[in-house]
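K.L.:
Sequence:
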Amino acid sequence: MMKYITKIRAKVNIHASKKTSSLFDGSYKSIYSGNGFDFENLREYIPGDNIRDIDWKASSRSRNILVKRYIAERKHNVLLVFDAGKKMSADSESGQNKKEVALYAGGTLGYLAGKNGDQIGAIYCSEGKVNYYPLRAGLNHLEHILTMYDRQELAGGNDDLEKSLSYIVKNINKKMIVLVITDMAGIHGISEDMLKKLAGVNDVLFVSISDAKLTGGKAYDIERTTYLPEFISGDKKLQKIEQETRERVLEENEKKLAKYQIVCTHVDSEDELGDKIIELLERHRYAGNR
Numbered sequence: 011m012m013k014y015i016t017k018i019r020a021k022v023n024i025h026a027s028k029k030t031s032s033l034f035d036g037s038y039k040s041i042y043s044g045n046g047f048d049f050e051n052l053r054e055y056i057p058g059d060n061i062r063d064i065d066w067k068a069s070s071r072s073r074n075i076l077v078k079r080y081i082a083e084r085k086h087n088v089l090l091v092f093d094a095g096k097k098m099s100a101d102s103e104s105g106q107n108k109k110e111v112a113l114y115a116g117g118t119l120g121y122l123a124g125k126n127g128d129q130i131g132a133i134y135c136s137e138g139k140v141n142y143y144p145l146r147a148g149l150n151h152l153e154h155i156l157t158m159y160d161r162q163e164l165a166g167g168n169d170d171l172e173k174s175l176s177y178i179v180k181n182i183n184k185k186m187i188v189l190v191i192t193d194m195a196g197i198h199g200i201s202e203d204m205l206k207k208l209a210g211v212n213d214v215l216f217v218s219i220s221d222a223k224l225t226g227g228k229a230y231d232i233e234r235t236t237y238l239p240e241f242i243s244g245d246k247k248l249q250k251i252e253q254e255t256r257e258r259v260l261e262e263n264e265k266k267l268a269k270y271q272i273v274c275t276h277v278d279s280e281d282e283l284g285d286k287i288i289e290l291l292e293r294h295r296y297a298g299n300r
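This note's numbering puts the first residue of the sequence shown at 11, with every later residue one more than the last.
Please keep in mind that the hints were generated in silico from the structure rather than gathered at the bench.
Hints should not be assumed to be uniformly reliable.
Claimed, not checked - Pair ranges (Cβ atoms, derived): (1) ILE251 / ASP63: 44 to 50 Å; (2) GLU54 / GLU262: 34 to 40 Å; (3) ASP203 / ILE251: 29 to 35 Å; (4) ALA147 / SER72: 37 to 43 Å.
To be verified - With a straight-line Cα cutoff of 25 Å, these simulated BS3-like cross-link-like pairs (lysine-lysine) come out: (5) LYS266 / LYS173; (6) LYS269 / LYS247; (7) LYS206 / LYS269.
Every value quoted in this text rests on a predicted model; they were computed, and no experiment measured them.
Just so you know, even glycine gets a beta-carbon here, dropped at the ideal spot from N, CA and C.
Required output: the full structure, derived from the provided sequences and hints.
P.N.:
Listed below in structure tokens is the structure:
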């Protein structure tokens, strides 16, 4: 019985919009940019196209700007990178457990890839120990990945996410679609050097899961395994400091990812994942990557 896949399938079918329904009819394989593409034909340039795809000779003959269209390789390698740090045991802004949101975020993209026959793998690191699940086809393999991550005890810090990415750079010699599932602090803790190396070879996407605010009564203390008391969560000065810090870190994260043409989506709850993941794929399609 595929506990996770069954739930994901139902939610994806509910939240998939007409605009992105082509993801399910086979055109999914054409959505990613990068090497490994075969030339198909020419079409007129539209805003957002990569200028490196312009065929200048053909454009001069037709007096219209024409770009080359490519068909991607039939199968992709999709690697899910889960954050297994202790902070993922806290709640998102919606009040849902962050690890649970992460589980289904990875599962949603994995499900879309699995339906296309793509190979799916996963990696996460906890307390310095890397857990790597090699790339394989089949939804049964994805179900196993999700089951094992769900069972994983969350104990590591932000540096463990960097170790997962380092493992990829050093040991996996394949072009992949890499989905990193973490939170605002996780993105902030990844070095620019690591992002540069990772994005230099792979198509990289990020899912950032929100954190419950310290103010408002939903903040969970992962060290004491209890919610913060009201005298802290209701402090107005703390609320202002927190808001300013969030805005600063968010801006820094966006600039860092944009520098390497990495797209990111922000998620609060499991219920919005269907639309959010599909939207992320569409944004990546038009991002002009490589």
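K.L.:
If a hint holds in the structure, say so; if it doesn't, say that too.
P.N.:
Results for each hint:
ILE251 and ASP63 have their C-beta atoms about 46 Å apart, which keeps the hinted 44 to 50 Å range intact. About 38 Å separates the C-beta atoms of GLU54 and GLU262, a value consistent with the hinted range of 34 to 40 Å. The supplied range of 29 to 35 Å is met by ASP203 and ILE251, whose beta-carbon atoms lie about 30 Å from each other. ALA147 and SER72 have their C-beta atoms about 42 Å apart, which keeps the hinted 37 to 43 Å range intact.
Distance check on the hinted pair: LYS266 and LYS173 sit about 19 Å apart at the alpha-carbon level, within 25 Å; holds. Only pairs whose Cα atoms come within 25 Å are accepted, and LYS269 paired with LYS247 is rejected, the gap being roughly 34 Å. Distance check on the hinted pair: LYS206 and LYS269 sit about 9 Å apart at the alpha-carbon level, within 25 Å; holds.
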